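Residue numbers (the numbering used here), protein chains in the order written: chain C, 1 to 255; chain E, 256 to 510.
What the hints contain is simulated information worked out from the structure, not anything from laboratory work.
This one's a predicted model, so the numbers in the text were calculated from it and none came from an experiment.
In this text, a Cβ means the ideal position worked out from N, Cα and C, and glycines have one as well.
It is possible that part of the hints are untrue.
Claimed, not checked - Counterexamples of contact, computed for chain C against chain E with all Cβ distances above 12 Å:
| no. | residue |
| --- | --- |
| 1 | R2 |
| 2 | H27 |
| 3 | S244 |
As the list claims (entries may be wrong) - Not the full set, but computed from the structure, chain E residues with beta-carbon under 10 Å of chain C:
| no. | residue |
| --- | --- |
| 4 | Y267 |
| 5 | H298 |
| 6 | D304 |
| 7 | L311 |
| 8 | R312 |
| 9 | F394 |
| 10 | P425 |
| 11 | P426 |
| 12 | E444 |
| 13 | D451 |
| 14 | P452 |
| 15 | W459 |
| 16 | D491 |
| 17 | L506 |
As the list claims (entries may be wrong) - Pair by pair, the computed Cβ-Cβ distance ranges are:
| no. | chain 1 | residue 1 | chain 2 | residue 2 | range |
| --- | --- | --- | --- | --- | --- |
| 18 | E | P310 | C | T63 | 45 to 55 Å |
| 19 | E | V443 | C | E252 | 46 to 56 Å |
| 20 | C | R85 | E | G461 | 54 to 64 Å |
Okay, here's what each chain looks like letter by letter:
Protein chains: 2
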Amino acid sequence: MRILLTNDDGVYAPGLAALYQSLSARHQVTVVAPESEQSAVGHAITLADPIRVRPLRPRSGLTGWAVRGTPADCVKLGLNELMPRPPELVVSGINLGANVGVNVLYSGTVSAATEAAILGLPGLAVSLDTHQPQADFSFAARFIAHLVERLPLPGQPPLVPLNVNVPALPPDQIRGVRFCRQSRARLVEEFIPRQDPRGNTYYWLGGETLGSEGGPETDFVALAQGYITITPIRHDLTHEAALSAMKSFTLELPE
Amino acid sequence: MRILLTNDDGVYAPGLAALYQSLSARHQVTVVAPESEQSAVGHAITLADPIRVRPLRPRSGLTGWAVRGTPADCVKLGLNELMPRPPELVVSGINLGANVGVNVLYSGTVSAATEAAILGLPGLAVSLDTHQPQADFSFAARFIAHLVERLPLPGQPPLVPLNVNVPALPPDQIRGVRFCRQSRARLVEEFIPRQDPRGNTYYWLGGETLGSEGGPETDFVALAQGYITITPIRHDLTHEAALSAMKSFTLELPE
């Protein structure tokens, strides 16, 4: 299969290298990934700036391109311009840090898989639940190669992308795979004010994840319990229940 | 009411000034908006860089702060640090250009309203359906002041943000208000390759909106027909139908 591989940690991140290695054994993998870290860019695309692209050097061990843009840019550009034949699957990751709960909204990793769906391709986003840069991505990479062979999963509409989170545990401690909903776990933000040498104030956004709202069927809880979580993702943001409830109301125009 | 006013076109955009004027007549409006244009940043937040903030000068005619960050940063920072008393409503806009169909995902304007909901506040995103910088925002601004008096609308859960699009028509040609779902209208991208003076290739992302998929009940179609559209927005990206269909499948771990 032709796979476009991207991420949001940047083209030289070890999580991407691990996926490249595990997927290239059986697939034709082309990297189209951001040149530098793009974490928390969400579904940003680059309109106001030109997007630079350079081919990866053979010594990088990767085939493909580094892009001065966001993960969504990479998917669009890979599909429309760079790859001689369009990919059959977009894989994004392995992200350093889980993408569960509200983090899914901020995640460049997940947005690449969503962008694939918008463009008519199956997509897969993968994250490892640790912030240790020395993390071992090998089991997660092996799991994704295993998952790719089984796509689409029974019941999965082919254009519904999957958001996969893998616990950072030794393989024999991983309890299995759970299909989960996105929890409402949110960040508790804390802004840390600092002064620059000229006395101007600036802020750093700090934050940590709050406990989950919702039960064991959420990504947040199942991941913490040692399960690999898989959440199917939608990109239609309509709140169906609210729309049904509001539809019969007539709002007049102002005078 | 205490209103936090933000946008993604930047603090000096005329769409923001129009809303400031129409809302300040009856409300205490505080601007917390990006210093420069942030279009298509989606739900990006700033983690890897410090966020600079400066108070707006009185001669700007606005009260509040300019923030070197994204619309979502502005909402977080306004609520957590800048405003002495927390806002009761977040209004984002008026954006130059409609936010319908898949554009909703890329939109910094909409993400500010979504961020409000995440933080427990009602939110409203407003866009005018034109790309003419000389556009007349006054009717749209008047409509939003009228809408704010009526929040929450009958049937609207208070924490479900609304995405409002207003046609760029003379007021007497606007046909009414429609509650609509997000259409699947997507962009057809075109990348325009250029060469820099040193022979390196770069790309501009061009693109135009494709015709709508879906009927007259979508934002895309109703807006084009001359209606103001209101779409309630969700930030749980779980694809419910796919999850139900997949849940009974057991995926084994790899060997």
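Hint-by-hint comparison with the structure:
No Cβ of chain E comes within 12 Å of the Cβ of R2/C; the nearest lies about 19 Å off, and the non-interface call holds. In this structure H27/C is separated from chain E by more than 12 Å, as the shortest Cβ-Cβ distance comes to about 16 Å. Some Cβ of chain E comes within 12 Å of the Cβ of S244/C; the nearest lies about 8 Å off, and the non-interface call is violated. Hint on Y267/E is violated. Least Cβ distance to chain C is approximately 16 Å, over the 10 Å limit.
Annotation: interface hint on H298/E holds; nearest CB of chain C at approximately 4 Å, less than 10 Å. For D304/E, the interface hint holds, since its Cβ comes within 10 Å of a Cβ in chain C; the closest pair sits about 9 Å apart. A distance limit of 10 Å between C-beta atoms decides the matter here; for L311/E the minimum to chain C is near 15 Å, and the interface restraint is violated. This hint is violated: R312/E has a C-beta 15 Å from the nearest C-beta of chain C, more than the 10 Å allowed.
Of the supplied interface hints, the one on F394/E holds, with its beta-carbon coming within about 8 Å of a beta-carbon of chain C, less than 10 Å. Interface restraint check: P425/E against chain C, minimum CB-CB distance 12 Å, threshold 10 Å, status violated. Nearest Cβ of chain C to the Cβ of P426/E: about 8 Å, under the 10 Å cut. The hint holds. Given hint, E444/E at the interface with chain C, holds; its Cβ is 5 Å from that chain's nearest Cβ, closer than 10 Å.
Interface restraint check for D451/E: the shortest CB-CB distance to chain C comes to about 8 Å, inside 10 Å, so the restraint holds. The beta carbon of P452/E is not positioned within 10 Å of any beta carbon in chain C (closest approach about 13 Å), and the interface hint is therefore violated. Annotation: interface hint on W459/E holds; nearest CB of chain C at approximately 6 Å, less than 10 Å. This hint holds: D491/E has a C-beta 5 Å from the nearest C-beta of chain C, less than the 10 Å allowed.
Given the 10 Å rule on beta carbons, the hint for L506/E holds: about 4 Å separates it from the nearest Cβ of chain C. Distance hint check: the CB atoms of P310/E and T63/C are about 51 Å apart, consistent with the given range 45 to 55 Å. Range check, V443/E to E252/C: about 37 Å between beta-carbon atoms, so the 46 to 56 Å window is missed. Between R85/C and G461/E the C-beta distance comes to about 23 Å, which lies outside the given range of 54 to 64 Å.
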